[in-house]
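There are 2 protein chains.
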Amino acid sequence: MTARVLVVDDVEPNVRLLEAKLQHEYYTVITAFSGEQAIVKAATENPDVILLDVMMPGLDGFETCKRLKADPKTSHIPIIMVTALDQKEDRILGLKVGADDFLSKPIDDVLLLARVRSLSRFKTLSDELRTREAVGRRFGVIENLHYLEDGLSARILILEDDNRRGERIKRVLASEQRPLLMSEANELGPEGHASVELMIVSTSGTSFDGLRLAAHIRSQTATRNLPILAIVDNHERDKALRALELGVNDFIDRPLDEEELLARVKTLVRRRRYIEALRESVDQTMEKAVTDQLTGLHNRRYMESQLKALLERMQRGGQPVSVLIADIDHFKRVNDLFGHDAGDDVIRQFSERLASNFRPRDLACRFGGEEFVVIMPDTLPEDAMQIAERLRHSIAAAPFYIGRNREQLEVTCSVGVSVGNQVSDIPETVLKRADQALYSAKQCGRNRVMAQAA
Amino acid sequence: MTARVLVVDDVEPNVRLLEAKLQHEYYTVITAFSGEQAIVKAATENPDVILLDVMMPGLDGFETCKRLKADPKTSHIPIIMVTALDQKEDRILGLKVGADDFLSKPIDDVLLLARVRSLSRFKTLSDELRTREAVGRRFGVIENLHYLEDGLSARILILEDDNRRGERIKRVLASEQRPLLMSEANELGPEGHASVELMIVSTSGTSFDGLRLAAHIRSQTATRNLPILAIVDNHERDKALRALELGVNDFIDRPLDEEELLARVKTLVRRRRYIEALRESVDQTMEKAVTDQLTGLHNRRYMESQLKALLERMQRGGQPVSVLIADIDHFKRVNDLFGHDAGDDVIRQFSERLASNFRPRDLACRFGGEEFVVIMPDTLPEDAMQIAERLRHSIAAAPFYIGRNREQLEVTCSVGVSVGNQVSDIPETVLKRADQALYSAKQCGRNRVMAQAA
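Residue numbers (my numbering), protein chains in the order written: chain H, 482 to 935; chain F, 482 to 935.
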């Protein structure tokens, strides 16, 4: 895949050289000649990757990186720092201020392209999630989810079959993370592999093929999104490139530099947590869209959409759908006598009894106020009546508790039942019939179940 | 990136050969020896790509493909049909029953891998969106979004600088699609390029470099998600491979086969629309999570989360946040005298006036029932009072209309205003002060604005 790359260097020939290399590989290149310019262009152009020179007058690369990573508008854009050869301190410092990777001059073209490709993959995914997530925020009032978290205390699994080497990696990581060796996988706890946030895979193992293992982790549904750091022997550059191609997120050369290991791990964990936070934010918003806030039951909108689908299925030859509407008797009195908080207590406890009285395939919803609707797919009216009667009984059989002092209160409900079994049925007609039955139940003295008129 | 590939062929040596080739490239391989088995494994294993042999006893490849594409559980999995060499009819038929691509035996390994890579990219994206989208459905009652739409009548832009060739492509496509040549881009209408669903790029143009153009389309934010079909001269296999690598979704050889062109275009349009439908479904659900159903204003949950964020910003040194609560006077009478539908009419018209009286940065929300809240960031209490007074006036100044006969009704509202400017302020405290001010306004005779007690 191609991508848009922002090249930042104060020395124009350096910029032009990188630009030419990248354009030759069909990348789109944006250029900046200072840290200040880079910050502006990153925010306006939203590049997929930034190649950032360390040595610049004014804002140097480190400071530029720090600012880019501190701004929610740009913090998610991967940054590759470009350092002079063998400036180990620079590289470590770069990773520490939030850079995602570094390359040494003179730049190894193949490695450059492999890194850019790997990082822009991350960017594509985070852009997709960011776009969806932004819809749930709509306005710019609340800030974006923030990228810069600490990247510490992650559960990490080390896949290395040389015990001495594995132990060393674990010892180094233990200062900041929660590493485990393969042989200790039983210590993962009840969540098992779901608690792991990063896999470290050695490609020089003798009992397994590291690349194959990495590919396997990447292709399984359960571990597909897990970041992988490969450890590759210094002279095996092709293996490192291959690893990136297979979807390994980063690699580190052996002999291991301890600081570099810690820094790369932290970056990977940070990136992982950012993507997961985006996913979670989207999922939570999606959940909210179908949930009643007070009770946790489904909301009216969701109920109506599901009822519509079930009626359409019935009309295509499926089973009838039964529906009940339950209304708490004399609920207004509860509010008037004990206040709204007591009313909310009753609504909540009613919901709990309601939810526990139905089958997993039934859909329990709050219709609004003190009215509840349950949709029962593939259910005949006579069965629906029994279920409704069971609900009525469970409400009337034991008192409710309200307020801090848990005062007891007798509560009853009236229930109307209808069935969607007609070609012309839409949610409105079925709900209307249930509502009429409910009205009859109220007229007949409440605390009872009535079916729709035949 | 690696992937999980389901290989289907009744001839075991064929399966083993493909398995070996794919495993050598670190793909995970699942195997099936009949169409029936393939259908089961596709549903249970959710592979990223299916390689499906055409010639099988029992269910042949076409029938298997048709069934896989008809089942919402598997319809999104890309299928590559494997046909005998030069069976042109087979290839066209394969595309017509919904296959995403085909390969001829003996299989060209490099092409195989390029196709698998390209299609599994699509699968990864659709899996991500499907997972998010599923959260908004929660239960399996409503079926998944369906993949199989017709793939017709799409706006297609043909980037080909040889006029004769361009015209021919256009003529062929015009029977099923809405193609335009580059030179006709001004006919795109008001939506402009946003209405385009597919780009066809010739790689043998003389006035532009087709690969570079494709890469550019792929890397720009506005066109990043647009499918691209490359037209490649028959003997330029490397160009075709390169195109797939750059993110082109499919290619077709020149000399063009008209039926193949139509079939490939249809498949690409279908895939595009599926992904867009997933995006839209997620976005709509996200929208619903923050919206009041009756009025389209923000809902209470969203209002509270935004107010919380704004108060925190104020406490970190930001500006004060003003809040107003507006309550429709004697609303219960409207419901009692004219019915709930009339009540809803009033609520809706009230919302419209409310929304039109505020600045873009203000957040107008329905708090519940006949109560509304407006959050005004960076607004001093005296300005908030003015705004509230303007709202009160706009409600009282002109009558509301209810029912089918558009009967006129005088409506007024009372408004309480508060400001969040204290270190200890949380949404509850600020809303409570506004509510107390509202109470005073009601006590003093309604149709007036009151500020919180100093």
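Some hints could be false.
No copy is singled out in the list; a pair is fine if it fits within one copy or between any two copies.
Result set (SDA-like, lysine to any residue): computed pairs, CA atoms no more than 20 angstroms apart in a straight line [unchecked claim]: (1) K569 to G820; (2) K913 to T702; (3) K604 to R760; (4) K604 to M482; (5) K586 to I573; (6) K569 to P587; (7) K813 to G850; (8) K923 to A934; (9) K720 to T509; (10) K789 to S685; (11) K789 to E500; (12) K789 to L775; (13) K651 to Q933; (14) K554 to M482; (15) K554 to R652.
Simulated from the structure, these hints should not be mistaken for laboratory data. Bear in mind the structure is a predicted one, so any value in this text is a computation, not a measurement.
Quick rundown of the hints versus the structure:
1. K569 to G820: Answer is neither: 68 angstroms inside a copy and 77 angstroms across each miss the 20 angstroms cutoff.
2. K913 to T702: neither (45 angstroms within a copy, 48 angstroms between copies)
3. K604 to R760: For K604 and R760, both the intra-copy (14 angstroms) and inter-copy (18 angstroms) Cα distances are at most 20 angstroms.
4. K604 to M482: Classified as both: same-chain Cα gap 12 angstroms, cross-chain 15 angstroms, threshold 20 angstroms.
5. K586 to I573: within (16 angstroms within a copy, 52 angstroms between copies)
6. K569 to P587: Within one copy only: 15 angstroms inside a chain, 51 angstroms across chains, cut-off 20 angstroms.
7. K813 to G850: Answer is both: 10 angstroms inside a copy and 15 angstroms across each meet the 20 angstroms cutoff.
8. K923 to A934: within (15 angstroms within a copy, 45 angstroms between copies)
9. K720 to T509: For K720 and T509, only the inter-copy Cα distance (19 angstroms) is at most 20 angstroms; the intra-copy one is 27 angstroms.
10. K789 to S685: neither (58 angstroms within a copy, 52 angstroms between copies)
11. K789 to E500: Neither way: K789 and E500 sit 56 angstroms apart in one copy and 46 angstroms across, limit 20 angstroms.
12. K789 to L775: So K789 and L775 pass the 20 angstroms test across copies only (19 angstroms; inside, 24 angstroms).
13. K651 to Q933: neither (68 angstroms within a copy, 60 angstroms between copies)
14. K554 to M482: For K554 and M482, the Cα distance exceeds 20 angstroms both inside one copy (24 angstroms) and across copies (28 angstroms).
15. K554 to R652: neither (37 angstroms within a copy, 46 angstroms between copies)
In summary, the structure is inconsistent with hints 1, 2, 10, 11, 13, 14, 15 from the numbered list given earlier, while agreeing with the others.
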